[in-house]
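Please build the complete structure, drawing on both the sequences and the hints.
In case you want the letters, here they are:
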Amino acid sequence: MDAINGADTAWVLVSTALVMLMTPALGLFYGGMVRGKNVLSTIMHSFFILALISVQWILWGYSLAFGPDKGGVIGGLEWVGLNGVGLEPNPDYAATIPAQAFMIFQMTFAVITPALISGAFAERKRFKSFVVFTLLWATLVYAPVAHWVWGVGGWIRALGALDFAGGTVVHIISGVSALVCALVLGKRVGYGTEPMQPHNVTMTVLGTALLWFGWFGFNAGSALSAGTLAVSAFVATNTAAAMAALTWMTASWIRHKQPSVLGAACGAVAGLVGITPAAGYVTPMAAIVIGFLAGAGCFIAVEMFVRGRVDDALDVFGVHGVGGVIGALATGIFATKAINPAGADGLLYGNPGQLVTQAIAVVAVAFYAAAVTWILLKLVDMVLGLRVSKEEEERGLDVSQHGEVAYQS
Amino acid sequence: MEIAIALVLFIGLLVLWLILPGGVTLESTQTAADPLPLMTSQQA
Chain A
-10 MDAINGADTA WVLVSTALVM LMTPALGLFY GGMVRGKNVL STIMHSFFIL
40 ALISVQWILW GYSLAFGPDK GGVIGGLEWV GLNGVGLEPN PDYAATIPAQ
90 AFMIFQMTFA VITPALISGA FAERKRFKSF VVFTLLWATL VYAPVAHWVW
140 GVGGWIRALG ALDFAGGTVV HIISGVSALV CALVLGKRVG YGTEPMQPHN
190 VTMTVLGTAL LWFGWFGFNA GSALSAGTLA VSAFVATNTA AAMAALTWMT
240 ASWIRHKQPS VLGAACGAVA GLVGITPAAG YVTPMAAIVI GFLAGAGCFI
290 AVEMFVRGRV DDALDVFGVH GVGGVIGALA TGIFATKAIN PAGADGLLYG
340 NPGQLVTQAI AVVAVAFYAA AVTWILLKLV DMVLGLRVSK EEEERGLDVS
390 QHGEVAYQS
Chain B
258 MEIAIALVLF IGLLVLWLIL PGGVTLESTQ TAADPLPLMT SQQA
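Chains as they are written, first to last, in this note's numbering: chain A, -10 to 398; chain B, 258 to 301.
Take these hints with a grain of salt, some might be off.
Derived DEER-like restraints, expressed as beta-carbon distance ranges [stated by the list, open to error]:
1. A:Val178 <-> B:Ile262: 44 to 52 angstroms
2. A:Ala348 <-> B:Ile262: 34 to 42 angstroms
3. B:Leu271 <-> A:Glu183: 15 to 23 angstroms
4. B:Leu271 <-> A:Arg244: 26 to 34 angstroms
5. A:Lys246 <-> B:Leu271: 38 to 46 angstroms
6. A:Asp81 <-> B:Ile262: 34 to 42 angstroms
7. A:Gly181 <-> B:Gly279: 27 to 35 angstroms
In case anyone wonders, no lab produced these hints; they're calculated from the structure. Built from N, CA and C at the ideal position, the CB exists for glycine as well.
Put into structure tokens, the structure is as follows:
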């Protein structure tokens, strides 16, 4: 146990708690944006996934994602039930913290990634179908992609693609999968004709604040050590979030003539998404640029391309999909070994090949996630049906799926 | 170069905030339920 560093372990455990908080925070972020009759259903999507994937991960998810490599595409089942994952460090992943600390930290990423997708099918998906789909998706999409990008032997990791905390593994695959879900499930009843305003923007802003707070664990915790790299990632994270919030709010001000609170909140999240793959590789000044690009790019994607065409209820593709792509490619531009010697230099530092590598990673994970998500949705639809009935949808999912009411009048 | 780009972007936003219109007017938000009469510049 001499190799274990107490400070590193403490920071990773704290980061795990911070990232765990992000999932119920996401529930609040999304919950405030749906109509009041669906708020509990929306919150339940996130809360339930926290419980479901917490168990799935230690049973087989962790083994598939990080276990001994099989052909560069998946981990084996040697670590099912945490067999061999004890309190000694695994130097392949984190030499100074217990292996179970790394495992539980990674679990919180596996939890939030499928939770992000739930924003796309909010207000219309059957709970039972959501449960089955989520379990299959976490096993067949998240685990393999995590292995490709982060697993020892993973083929995208072997290519040299950089993803510090999950631009590809978390945001691109959840964003693309969300788009597929929105397309397959179809539009909500009344979409385009009835108003569907956020029922509680204060809830959304609270969720945003908690997400921002938790994201320090998401990004700075991915340093897996309590040292300079964690500090660098922490600074980059806050800076990008702030700049993106300012940018989206300004874009909203230009387009809609008013600085929008909801716009500032969505902008902050876009910035956090954008900096996620880059956080441990870029300078604070680059984080300002990435925040601007994410804020502006996601605003344009949401307002001009997605809304009105696809009922991605809570803009998951526009923020996480597009933001993840922006961040992953920006990493290929702004990464510098001066910040992280274990990384690589990007285009701006004389290595244009890194941008190509990032693009390959983006395309590969996006296509895989889209294809498998589509197949899973079709399978679940055949067996269980994806959508609630029109009557259930009009009554609201809180009552029709959970028998509960959020607000007593 | 990164510093220059970052400065340009941030200052650009600051400039925009100064020149963008200041949001909705009070008259446009006045509703019949408001208990207080709208104060005009002549009354103030």
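Assessment of proposed distance window 15 to 23 angstroms (beta carbons of B:Leu271, A:Glu183): Because 39 angstroms falls outside the window, the suggested range is violated.
A:Arg244 and B:Leu271 - C-beta distance against the hinted 26 to 34 angstroms: violated, 19 angstroms
Whether the CB-CB distance between A:Val178 and B:Ile262 falls inside 44 to 52 angstroms: holds, 46 angstroms
Satisfaction of the hinted span 27 to 35 angstroms by the C-beta atoms belonging to A:Gly181 and B:Gly279: holds, 32 angstroms
Verdict for A:Ala348, B:Ile262 (Cβ pair) under range 34 to 42 angstroms: violated, 22 angstroms
Satisfaction of the hinted span 38 to 46 angstroms by the C-beta atoms belonging to A:Lys246 and B:Leu271: The hint (38 to 46 angstroms, Cβ to Cβ) is violated, given that A:Lys246 and B:Leu271 are roughly 19 angstroms apart.
34 to 42 angstroms as the expected CB spacing between B:Ile262 and A:Asp81, which holds or is violated: Taking Cβ atoms as reference, A:Asp81 and B:Ile262 lie about 38 angstroms apart, which means the hint holds.
The structure shown violates the earlier hints numbered 2, 3, 4, 5.
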